[in-house]
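Q: Listed below, chain by chain, are the residues.
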Amino acid sequence: MIFLQVAAKDLRSELRTKESLNASLSFAVVILLLFSFAFDPSGEAVAEFSGGLLWLVFAFAGALILNRSFARELPNDCLEVLIASPVSGAQLFLGKSVASFVLLLAIELICLPIFGIFYNITWTPKFWPLLGVFLLGTWAMTILGTLFSALTVNLSLRELMLPMLLYPMMIPALMSAMRLTTILLSGNDIGGDDLVWLRLLIGFDVVFTTLALALVETILVR
Amino acid sequence: MEKNIRLGIGAMAGLLLLRNLYVILFNLPDEMEQGPIYRIFYYHLPAYFTAMCCYMTALVASVLYLTKRNLRYDAIAMSATEVGLAFAAVNLITGMIWGRVIWGIWWAWDARLTWALICWLVYFGYQRAKNSAVLSIFSFVSVAITYKAIEWWRTQHPGPVLSFRTGQQLIDPEMERMLYTNFFALALLAFVMVTVRLNQENLQRQIDGLRRRAHAL
Chain V
-4 MIFLQVAAKD LRSELRTKES LNASLSFAVV ILLLFSFAFD PSGEAVAEFS GGLLWLVFAF
56 AGALILNRSF ARELPNDCLE VLIASPVSGA QLFLGKSVAS FVLLLAIELI CLPIFGIFYN
116 ITWTPKFWPL LGVFLLGTWA MTILGTLFSA LTVNLSLREL MLPMLLYPMM IPALMSAMRL
176 TTILLSGNDI GGDDLVWLRL LIGFDVVFTT LALALVETIL VR
Chain L
19 MEKNIRLGIG AMAGLLLLRN LYVILFNLPD EMEQGPIYRI FYYHLPAYFT AMCCYMTALV
79 ASVLYLTKRN LRYDAIAMSA TEVGLAFAAV NLITGMIWGR VIWGIWWAWD ARLTWALICW
139 LVYFGYQRAK NSAVLSIFSF VSVAITYKAI EWWRTQHPGP VLSFRTGQQL IDPEMERMLY
199 TNFFALALLA FVMVTVRLNQ ENLQRQIDGL RRRAHAL
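So the protein sequences, as listed, match chains V and L.
When the letters of the first sequence are read in order and numbered with my numbering, they come out as residues -4 to 217.
When the letters of the second sequence are read in order and numbered with my numbering, they come out as residues 19 to 235.
Don't read these hints as lab results, they were simulated from the structure.
Yeah, the Cβ is synthetic: ideal placement off N, Cα and C, and Gly gets one too.
There is no bait here: all hints are sound.
Taking CB as the label site, the calculated pair distances span:
| no. | chain 1 | residue 1 | chain 2 | residue 2 | range |
| --- | --- | --- | --- | --- | --- |
| 1 | L | T184 | V | D188 | 26 to 34 Å |
| 2 | V | A33 | L | I123 | 22 to 30 Å |
| 3 | V | K4 | L | N217 | 44 to 52 Å |
| 4 | V | L69 | L | A232 | 19 to 27 Å |
| 5 | V | S80 | L | I115 | 51 to 59 Å |
| 6 | V | L126 | L | R146 | 34 to 42 Å |
Please put together the full structure from these sequences, using the hints given.
A: And the structure:
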């Protein structure tokens, strides 16, 4: 359970400075605001693109959080110390993923009511299934994002490289999360043909979590 | 010696491409429904196959790099990906030209086209990220999905036509043979390009190493 300690350490240092939390949350709200100019926020069609809109906001906000995940360890050579410590690469990686997961989920749960107010969407009746979709989708984003965060941490254009790698790679997960969210926000239940999206999302989570845990050692130690 | 072999293969590829171009333009007849534009197919599909071969080479080299820890394999993966990107771009652009003529639009967001584009973007990211064999392995998933997309989804992009995929002869055998001949020519060209690129990559790494050593002293 060392990964929980790593996650706690990350969360503690984040909550003390709140640097990526504040930046990411305010960025998410700004994007929500900007989208209201791109689409008619009072129209009937809002529910139909609500899932896509919401997940784009989460993806943007997520990139900011994930960028900091490993970059936070760069000053004072903390990353080298972490890698050299007896904590295994997989534990370290899992801990960092859990920390980003918690942070991103918190931002999503703050954004959801704001979104509901701005775009006149009722989300309360479907809150629990929505939370399930958020959990699955956010895990997909953080597991891949943390891996790529470790990959790009030493690059000069780190802030740019992470989204460039992450977004195309997570399209299947993003697509299913968008579809499921749209269905729920339109007031329908997930069932019948839509279950395939849920299966895709769960499958994505399982496959990439396994792959990431198997391969992370080769990324960290090189 | 190595340079001469490379030159020889390159010349062979060039001559074969010229000969193929002649046959495609003057010997083979127009297609029944599409007219002359179908000829772009002789470059669209072989370019795609060539790109796939490059990505597959990159995958194998990346796995070898991760198991053997020899930077030479990483250089191979890098060079193959770069050449693969060029051929995938040829595939996308020829496809768009064909789409403009036949569909009336440059681009359609169907599963095949979208995945081909995702594939290109993902490999572009890998190629920029440097020294990231893991990413090459991840990226190959999108190559597999692109390949299978026309079977899994109902797409605007035409379905499989080649006999090894459909199990029946849907197109004229002579046309199919030309596809393979042109694929062979492009694959030869790609091989030469990869070796040239690999040479550059190795030199670059040597220079970087020397520079680092000079710094250390």
